[in-house]
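Chemist: Chains F and S are the protein sequences, given in the same order. The first sequence begins at 1 in the UniProt record's numbering and counts up one residue at a time. The second sequence begins at 1 in the UniProt record's numbering and counts up one residue at a time.
Please keep in mind that the hints were generated in silico from the structure rather than gathered at the bench. Think of the CB as a built atom: it goes at the ideal place given N, C-alpha and C, for glycine as much as any other residue. Incorrect hints may appear among the rest.
Some, not all, of what chain S presents toward chain F, calculated at C-beta under 7 Å [as the list claims (entries may be wrong)]: (1) LEU240; (2) SER295; (3) ASN305; (4) TYR347; (5) SER720; (6) GLY819; (7) ALA823; (8) PRO827.
Okay, derived cross-link-like pairs now, SDA-like style, lysine to any residue, Cα gap no bigger than 20 Å in a straight line [what the hints assert, rightly or not]: (9) S/LYS200 to S/SER173; (10) S/LYS270 to F/SER151; (11) S/LYS270 to F/GLU69.
Cβ-Cβ distance ranges computed for the label pairs, FRET-style [to be verified]: (12) F/THR97 to S/PHE129: 49 to 57 Å; (13) F/PHE72 to S/GLY233: 54 to 62 Å; (14) F/ASP71 to S/TYR172: 19 to 27 Å; (15) S/VAL377 to F/ASN73: 42 to 50 Å; (16) F/ASP91 to S/GLY400: 39 to 47 Å; (17) F/ASP91 to S/GLU349: 23 to 31 Å.
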Amino acid sequence: SQACDSWGIFTFLCAALCNLPALPALNCSEELGAGQSIQQTYDLTRYLEHQLRTLAGTYLNYLGPPFNEPDFNPPRMARAERVPSATVDLDLWRGLTDNARLAANYRAYSRLLCYLRVLDGQVGTAELRHRLSHFCASLQGLVLSIGGVMSSLGYPLPAGPVGPPGPPGASAAPNDFLKKMDDFWLLKELQTWLWRSAKDFNRLKKKVPPAVVTLRLEARGF
Amino acid sequence: MWKNSSLRCLLALAILCLRSLIYSQEIGSLGDPQNLKCVTHNLQKMLCTWDVSSRGRRGQTDFCYTTNDLTPQVCFKTKERRVEIPIPESSITVTIKSSGTATKEFVIHQKDISFVPITPHILSLMPDFPTSTLNLKWSDNGSVFPYGLDALWQIQILRKEPMEVVTQVTYYSKLTHEDVILSWNWTSDMPLECTSHYVKIRCYINATQFVGSKDWSDWSPTEVIPGKDTEPGESGVFPLDPVVAVGSDLTFCCVHEEDQRITNMTYGSKSYTMMQLSSRSHAIRVLNANVSNSSGTNVVCRLENAWEGSVVFVGYAPDTPQNLSCETPNFLIIKCTWKPGRPSGLYGERRTKYSLFERTSGRNVSCEVSGLNKDHVCDFPVLPAQKTYDFILGVSNPIGQAKSSLLVDITQRVHPKTPEKLTVTENNSTSIQLRWFINGSFAEIRLLCQLEISSSHSERKLQNVSTPGRKSSTYTAQVNELHPHTKYQFRVRCSDADHFWRWSDWSRGVEQTTSEAPPARGPDIWRERSPSGENVIVFWKPLSPSESNGIIVSHEVSCYLLDMLLEHKVVLEPSNSTEIKLGKSDCVISVVARNNAGSSPPSRITSVELPSDNVTTDQAVAVGNGINISWDSYPNMTCGYIVKWCHSSGSEPCSVDWQKFPSNTTSVVIKSALFKPGVRYNFSLYGCKSMGYQLLKNVTGYMKELPPKTAPNFIVEETSSDSILVKWEDIPIEECRGFFKRISSFLCKGEKDALKPRLSESGNPELKVNNITDLTKKSMKILDLQGKTSYQLELQAYTAGGLSPPNSLYVVTKEDSVGLIIAILIPVAVVVLLGVLASIFCYRKREWIKETFYPEIPNPENSKALQFQRNICEGNKTLKTLEMNPCTPNSVEVVETQSTAPKIEDTEMMSPAAETTVPEDGSESEMENHVVVSYCPPIIEEEISNPPTDEPGGSSQVVYIDIQSMYQPQIKPEEEPEIDLVTTAGYKPQMQLSISALKIEGHSPVEEELDKTAGYRPQANTNAWNMGTPDSPGSVESNNENASFGSPCSINSRQFLLPPKDDEDSPKPINTAWSFTHFFQNKPND
């Protein structure tokens, strides 16, 4: 967890440095502006990216070989499409409006979160369960945060059920190996989505300058 | 028909001939029926077949048979060449007449008939894929056979492409004259999904009565269980997600598409060699499987562009639960606990599950246990009106199951919950009440509760309280006999009073400090008259915490004379004594200790001191850890004895301590932690009478004797020529540190200044030792000394603890006056006598003396005075005082050993880097011309023009030993530029001179010529010279340090400091100077 600490400190310092010029405008009582909530969402995304890196390592070890082997790269099976794929063509993605991109993010994380919760319930070891639920809580925060960004920008939240079709769980995968494969893809998709979201929010951040940026001291686990 | 025997014999012969013809027909008459064979399938009828030649194949055949002579022949016509006829008991005669052929007769005996059972048929073949088991069903066709025959069934299982027999088993059964469906199970070592499995069966009936040949039936038609490799589009690793016991041997197969190439198959992280089952199926075999990790072990089949897999869960069957124990904490639920034993290694839905079944009530409870706790717990509800419970704890997981049972009467297994809400209320200073609450309905039992009472002063006490149980109620208990003003901690725990099973946990502790009560007794007191006798000092000892019952705030001291209060005093803490002005009168002193709760009973003592006589003072030294004081019995001391002593510590008034003893005591040992070794304590023994106290005895004692700190101070009071009188003072008591034994003096001849060992230790044979054991003597005379002699005198004091350091003194005895007078008078008398004798001699020889010493005409040859004159004239040859030729002046020549000295310097002061770089840089070598050592400008010029040609001859020579060679360079090159040359006075090493010289900016040509001489530098503050001679040539030049070199002109030896001419060719000193210049000047520029 030393790496975790140092990462946390690094993130904090970066955030502090970024916001240093804006410090004179410190005003805690004012509601978070769009720029601010974008910045917050971006930070949360980066933090989740980091958190996922350690979680994925532990979880893949839990799944056992070959899932924890570095060169394990199975072709994505058709049935794994239950997990929302992030592999959208980049040009296509860029061509989307901010609203559509945010909505896609929102939908994707909502659904990933549902899968993650199922996964949490099945894990055999208490320690891993604890870490998974911690990550779930963080991801829930991200979904809310994206919702916040959308509403602050005046976009409507994506309507309709965001959960996966049918009840997820034991019935979803016909056998344990495919279930493990699903878990693997879930982690991989999460990683890709988080990476993409970080880029999205960064771009959005530049578009929407922060009106009032406060020095944030979120609970970062450090 | 056959009437006579001869005919019969004839017939028999004919039959014999016929029989032989059966086998000879093939070569015999062609077209006749031949090869009659009879086979039975059911032991009742037999099927006979024969061969016929081509001629006889058409048309009907007349078939007749007869079993014996008695039965009539049976005939029928048939178009086929087979007939079914009954099996004869012994033999049968058959006549076959085909159309167009001869009649052929056969005799068939039973042993010629073969028995082949009917081919069995598989009724059903059912696979069970999860268990890889096949179930085979077939009918034994027993109804056609007689009862009780043994049947053997051979079953063959085949698989693979091409088929291989996997197993062949023989199954036994008994025929019961009924058709029975037989069933047989077989578990495959390979999952049935992996490849097709084929099954066929045949039978053999062991008909013992039948004498003919018996044979196996034909194989039944093959039944097949198709594998997944036969289904199009099917793929995967099989078996799927099995749960197996540790140590099992496992076979996994990978079924894939026909066109897919299989890369490898792994179990866990290990790759296994594959065996091909079919074109679409490969298998691996894992032996002795280990416990899998919590998510199962992955079996992965890697295909060219896909991954197939399965997860194996290898674990243990559950252990039998151990130490199953059930108890009730509250009569609402029963808590059963057990140790699960070895972990199964299975998690999630495959984990070990527990259920609690109660047999009496038939109630079943499934237990949710967390795997984290070592002991598993399951709750079962208490059922109304049921005391005895018969529990069965069932344990199961996919691998196996176990159980454990317990019969328990819960009224005898009560383990109450921890008492809560413990509170304490005080009744009075020695009694409190405790209240606590226990959750649970204990109405049917009595509770036994244990109170723990602990305080810092006393040991932990336990008090048991038995109380009838109630439903979720508060219980109380009283605790008495507490000590006032004490902080107590209370805890409580409870159990079943009637059937003790277990104590509950201790409740949370509560603290309570009891209130104060009046002190339990009066203080221990003593009194003493003040030294003036006017006052009485009253002492008391503080009460112990257990006696004071609170915080003592004051003592009240009263003085009564016959019930009349003379004086009353209140002394606040922490004083432990007070003085009462009493004058010469006496009174009864009463002391009362008071705390916030009240006063103690008074302690009384009379001030009367009875006169005593013959008070002796004894000495005592502690034996063990106390000082022993004993006395004779005083019968009239009615109320005991008191030993009083002082803890004297130097100048301050001693703190009085005392101890009381009953009147029958005659010996006591006084102990105190305050007693120190080497300190004198004075004990006084008082006897107590009704009238007052009487001093009986004094004792001086030491806890331990130590050597005295110092020796006695002494002086020599009188000195004579043969004796001295020494007087000394007493040693202060504090420095004695023991009882004096003796004083020793040591005397020895010795001077004051000489360093000598202690006389007592020197072992000097002349040492005079005097021991004074009479300690009242304060002086001593030492006799038999020598006059006017220095003596060393030492004094040491002894105690039982050892001897003190010595005190020492030197004393000189007085001179012996008579001897002195004689010593003066004798030489005077001798001199006078000699003078008189000389006068007489001179007077007698006066003529001769005059002739010899004072003649009237002196003889020049004998004159010594004239000789002196002549010597002077001889020396004048060279002494030309008035000549203008100048004398050769005394000179100092410097003989420089330049050939070696600069070399040393070179190596010592130049860094290797400088050495290597310098010669390479040719341009820098010109610097040598700028090296200026200015030296004696005006006069030197003159002297150089006249250099001394012959140095070794004539003039005195001062050999100037090269200072450079002695100079050890101590300055690092880097530090060199920082040298403050102005402040460094005294001797300067010669090379440093040249370095400093380099700092000069401008130079005169003369100086440039002279610069090569790494010159001498005077050993004085150059700065001072500079200041002192402002018009010296150096100072004209510049104000820098180089100017100082002009000044030494006045030194006589200056011209010899220049090296000889031939030495100037030697480049070394120049080189040295240059190289340093180069090194230091260029370094910063590099």
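Chemist: Would the pair S/LYS270 and F/GLU69 pass a check requiring their Cα atoms to be no farther apart than 20 Å?
Modeler: holds (12 Å)
Chemist: Using the Cβ atoms, figure out if F/ASP71 sits within 19 to 27 Å of S/TYR172.
Modeler: Cβ of F/ASP71 to Cβ of S/TYR172: about 57 Å, so the range 19 to 27 Å is violated.
Chemist: Hold the hint about S/SER720 up to the distance rule: shortest CB distance to chain F must be less than 7 Å.
Modeler: Because about 95 Å separates S/SER720 from the closest Cβ in chain F, which is outside the 7 Å limit, the hint is violated.
Chemist: Does S/PRO827 meet its interface restraint, that is, does its C-beta lie within less than 7 Å of any C-beta in chain F?
Modeler: Result: violated, 106 Å to nearest chain F Cβ.
Chemist: May I ask you to test the hint 42 to 50 Å on the CB atoms belonging to S/VAL377 and F/ASN73?
Modeler: holds (46 Å)
Chemist: Taking the beta carbons of F/ASP91 and S/GLU349, is their distance inside 23 to 31 Å?
Modeler: With Cβ atoms ~45 Å apart, the hint is violated.
Chemist: Holds or violated: S/LEU240 as interface residue toward chain F, Cβ cutoff 7 Å?
Modeler: OK, holds: S/LEU240 within 7 Å of chain F, min 5 Å.
Chemist: Would you check whether S/TYR347 satisfies its interface hint, that is, whether its CB is within less than 7 Å of any CB in chain F?
Modeler: Holds. Min distance 3 Å.
Chemist: Given the hinted pair S/LYS270 and F/SER151, is their Cα-Cα distance within 20 Å?
Modeler: violated (53 Å)
Chemist: Range first: 54 to 62 Å. Now tell me if the beta carbons of F/PHE72 and S/GLY233 are that far apart.
Modeler: violated (26 Å)
Chemist: Holds or violated: 39 to 47 Å for the Cβ distance of F/ASP91 and S/GLY400?
Modeler: At roughly 59 Å between Cβ atoms, S/GLY400 and F/ASP91 fall outside 39 to 47 Å, so the hint is violated.
Chemist: Taking the beta carbons of F/THR97 and S/PHE129, is their distance inside 49 to 57 Å?
Modeler: Taking Cβ atoms as reference, F/THR97 and S/PHE129 lie about 53 Å apart, which means the hint holds.
Violated hints, in rising order: 5, 6, 7, 8, 10, 13, 14, 16, 17; the structure is consistent with all others.
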